[in-house]
Amino acid sequence: MEHTCTKIPFDLDSNSDYCDGYIMFENRILFVYENGAEAQYPADEMAELIIRSDVGCGSLEIRPKNSEGSENNIPVCRFTMTCIDALGELCKSVNHFIDTGEETEVSLEQTRICPKCGRHYMGGMNKCIFCTKKTGLYKRIFKLAVPYTKYIVLSGVMVLLANAASALNPVLNAKILDGFLYAPNLEISAAIKGILSIAAIMITASLIGQIFTVIGRRSASIVSAGISHSLRTMVYEKLQRISLKKLQNRTGGDLMGRVTDDTEEVKDFISEDAMRALYQGLLFLVIVVILCTISPMLTILVLLPVPVGLYIFYMFRVTVHIRYMKQWRCERQGKSVLRDIVEGIRVVKLFGAEQREISKYDKISLRLAKIGISNERLWALTFPYVTFFIGIGEFLVIFFGGKMAINGDITAGQLLQFTLYLAYLYGPIDWFSRLPQKLGRVNTSIIKIFEILDETEEAELVPATLTNASFNDKIEFKNVRFGYTAYEPVLKDINLTVNKGEMIGLVGHSGAGKSTMINLIMRLYDVDAGQITIDGDDIRAFEPEEYRSKVAVVFQQTFLFAGSIYDNIAYAKPNAEADEIIRAAKIANAHDFIMKLPDGYNTQVGENAHTLSGGEKQRIAIARAVLRDPEILILDEATSALDTQTESLIQEAMSRLVKGRTTFAIAHRLSTLKDADRLVVIEKGRIAEVGSHSELVKRGGIYASLVAAQKQTAKLRKSEK
Amino acid sequence: MLTESNCIFKKNENGFLLAEIDGKQASRVKIVCTQPLTRPYEYVSVMSMDDEEYGIIENVSDFDGEQRRLIEEDIRQRYFCPVISEISSIKDKMGNFYFDVVINGRKKNFLVRDLTKNIRQYSNSIMIIDTDGNRYMIDDINAVPKKSRRKLQPYLY
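Listed in order, the protein sequences are those of chains A and B.
Counting from 572, one number per residue, gives the positions in the first sequence under my numbering.
Counting from 1463, one number per residue, gives the positions in the second sequence under my numbering.
Possibly wrong hints are sitting among the right ones.
Reference excerpt, derived from the structure (chain B facing chain A, CB under 8 Å, subset only) [claimed, not checked]:
1) N1476
2) G1477
3) S1489
4) P1498
5) R1530
6) Y1541
7) M1556
8) F1572
9) N1580
10) Y1584
11) I1588
12) G1595
13) P1616
14) Y1619
The following label-pair restraints were derived from C-beta to C-beta distances [unchecked claim]:
15) B:R1568 with A:H800: 45 to 53 Å
16) B:K1608 with A:F1126: 54 to 62 Å
17) B:M1589 with A:F1126: 36 to 44 Å
Since the hints were made in silico from the structure, they are not lab data.
Note that the structure is a prediction, hence the values are computed from the model and not measured.
Even glycine gets a Cβ: it sits at the ideal position worked out from N, Cα and C.
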C-alpha cells in the first residue's frame, strides 16, 4: 500500500534488539511496519495512544476503548530515546484525531536528527554541522561587510605595504654583504657610507611599515566593530521575536552565547583571519617567487617538506588539543571535588569522613599529576622533532646553498637573503596549519547565528486579525490540550469558563499543570489543541502585543532590570507620567519604603546595585502591574516567599489590585486564596474539581485533602515552636 | 520484602508483566532497580504503572526458574543499554563529541556532550550516555580492539 503521510521511525523490536521499523497514521488507521511485517490499528478502537519512557528506551501502547487497567493496553512498538520526540508528535496527532476527528500532519520540527546523514544536531541547534552548505552562509556573512568595503580595502593595502616594508630587510642585508662587505675594490669610507645609507633606508622602511600597520589596524577595528554591532543587533532582535516554544530546547547560556560569543567569533574571523589569510597567502606566494628568482633548485628543496610539515603541524595540534582537554576536564573534576569538600566541611567533620575525603581528593590529584606528566612528556619528546622536521629545509639550504656559493653560482649575499626569506616562509605555514581549527570554530558559529536568523517565526494557525483585545464577558478554555514536549501532554481536556471580574484560584500538587495554564493565558505558548477564547474570539486572533497589554503578572520571584526603581515601575508603561508611577507605588504599598531610600525613586537596583528585600521587590512588581491597569491579572505564587508581616502589606496591596479585574491566582498556601470566587483543582493535567472553598471542602476530594494536609503541617509547626 | 511466597509474576497475552502480591488480584507492574548500574538484580522494587511501590525484592536470584526469568527480562527491557564492540571514530566539534561505533555488527552514531558527566567508568567497564538519554556500555575496555581503545583513551581518566 502506498502511503503519503510522514513515516515515523522506531528502532527496537519486542526483544529489545535493534530493528528497522516505522509507523504512520493515515485514513484513521495506525500502520506499523517492523522488519517488513505490517500491523494495523484502527483509531476508532483507540481511547488513547500512550508513550512510556523507560531508561534508554520506551514503548508505545494503545489504550483501547472501554477498557480499564493498563494491562489491557496493546503494545505497538519499542524504541530508543532517539525516536521519542518524533513518536511523541505522532501520539499528539493521533490523540487529537481521537478527540476531535481532525487529521493533522505530524510535525517533525522538534526532532534533532539530520535527515541527510542521520547525525544529531549539536546542542540547541536545528541544523546539521556536517551537512549545512557553508558557502551560502559565508556569502551572507561577507555581505555584512559590504558597507565597510573602503575600510577593508584600506586595511588590506596597509597590511600588505607594511609587510612589503619589512620584507625589504633580506634584500638590503644581501646588498650590505655583496655590495659593501665583500666588495674587493671598494674603499672603506665608501663602504661605511653605503652601509649607513642602507641602515637609514631600513630604519625609514621600518618606520613607514609601523605607520602602515597603525592605519591598517584602525581600519580593521572600524570594520570589526561595525560588523559585530550589526550581527549582535540582528541576532538579538530575532531572539525577541521567536516564540518561547522554539527557544525552550536552548539554555539561556546558549542563547547569550549566540548573541555575544558567536558574533564575536565571526567578527574576529572577518576582521582578523580572513584578512590575515589573504596576507599570509600573498606573502607566501611573493616569497616563493623571490626565492625562485634567486635559485629555483634551492626553492624546490625548501618547499618539498612543506606539505608534510603542514600535515605534521596539524596532527600535532589535534593530538595536543585532545590531551590538554583531558587534563582540563580532570582539573575541573578535581576542583569540583575540592569545592564539595570545602563547602561541605561541616558535614565532612560531623560524619568523621576527613580521611575518606582526603583519599578521594588524593586519587584525583594523583590522576591529574599522571595526565600532566604524560602530556609534558609528549610535548617534550615530540615538539623538538616536529620543529626539526619543519626546519629541515634550512639545513638543506645551508648545505646546498653553501656549495653553490663556493662554486660561485650564487653570491654570499643571495645565500643570506635566501635563509632570511626562509624564516618568512614558516610564518604562513604555521598560520595555515591552524586554519582548519579556526574554520571549524567559525563554521559552527556562523551556522548557529544563521539558525537563529533563519528561524521561522511562529506559524499562525489562526490569523491575527483582531486589534482590540478588550473583553466584556468571559474567558473560555475549550478542550485545551498542551505539552512542552510532544510526548508528554501537561494539560488535557481543559474546559473552563471564567466570567469577567471573577477571581479564580488554581490549586493542585507541584507539576499538576497550574503554571502551564497561566503560561497559556499569557500567550507565552499556544495551545496544541482546542481553544482559549475571550468573548468568543480565539486569543490567537489578537495581535500578541495588543493582547498582552491587557494582561499583567506578579511572579514569585520578581525580576528587576538594572536601572532605577522609577524605570523598573515604568517598564509596564514607558510613557507614564511621574504622578502615575507614584500613585501605582502607593497602591502597591511601595511608596513608603522607596521614600526612605536616600535616592528615592532614583535608587539604582539590579545587579551590582542596591539590594531590595523579597517583599520590596514584590511591591515594585505589584506597582508595575497597577501601572499597566490590566483587565486580566495573574498572580503566580506572589506571596509565597514572604514573612507574615510583609505578606499582610502585600496582601493589602494585592486586594486593591485584584478589585474589578479577572484574576488567576496560584498559591500553595491555600489560605491566600480565601478571596477567590472559585477554586479550580488541577490534577495530572486535568481539571479535577471546581467550586468555592466550602463546596470543595464539603465534597471531600483532592482539595479537602490538601486543606487537611496544610492544617496538619501548621499544627506541627505550632507544636514545634 | 517480596519473596516467592508472597509475590507471583506472570505475563499476560499482551506481553505485560503482572504480579499477584499477598494473594491480591494480579495487576500490571514494572520492576525498578534501586542501583541499576552497580547491583541491577539486588534490591529491586516492584511498582505499579503509576509509580506506587508494592515492595522490594532483596535479590532476584531468590526467585527460581520462570519467575526469575520474567523479572530479569523486565529489567533488561526497561533498562536498555547495548554493548559497543568497536569505536570507529570520535569527532570533536566544539565540545560536541560525535561517536561512530559498532553495536551487534550494526553501525551506529550518537552525540555526547559534557564528557566528565556522560562517560562513566566502573573499573574496566564504561558507560556512555548520549544527548538523547540513550546508554551504551563497553563491558571491558581491555577486550575491545586496540584501535578502538586508543580512540577512547583520551576521554577516560
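Now the hints, each set against the structure:
no.: 1; hint: N1476; in the structure: holds (6 Å)
no.: 2; hint: G1477; in the structure: holds (6 Å)
no.: 3; hint: S1489; in the structure: holds (7 Å)
no.: 4; hint: P1498; in the structure: holds (7 Å)
no.: 5; hint: R1530; in the structure: violated (18 Å)
no.: 6; hint: Y1541; in the structure: holds (5 Å)
no.: 7; hint: M1556; in the structure: holds (5 Å)
no.: 8; hint: F1572; in the structure: holds (7 Å)
no.: 9; hint: N1580; in the structure: violated (11 Å)
no.: 10; hint: Y1584; in the structure: violated (15 Å)
no.: 11; hint: I1588; in the structure: violated (15 Å)
no.: 12; hint: G1595; in the structure: holds (4 Å)
no.: 13; hint: P1616; in the structure: holds (5 Å)
no.: 14; hint: Y1619; in the structure: holds (6 Å)
no.: 15; hint: B:R1568 with A:H800: 45 to 53 Å; in the structure: holds (50 Å)
no.: 16; hint: B:K1608 with A:F1126: 54 to 62 Å; in the structure: holds (57 Å)
no.: 17; hint: B:M1589 with A:F1126: 36 to 44 Å; in the structure: holds (39 Å)
When the structure is compared with the earlier hints, violations turn up for hints 5, 9, 10, 11 and for no others.
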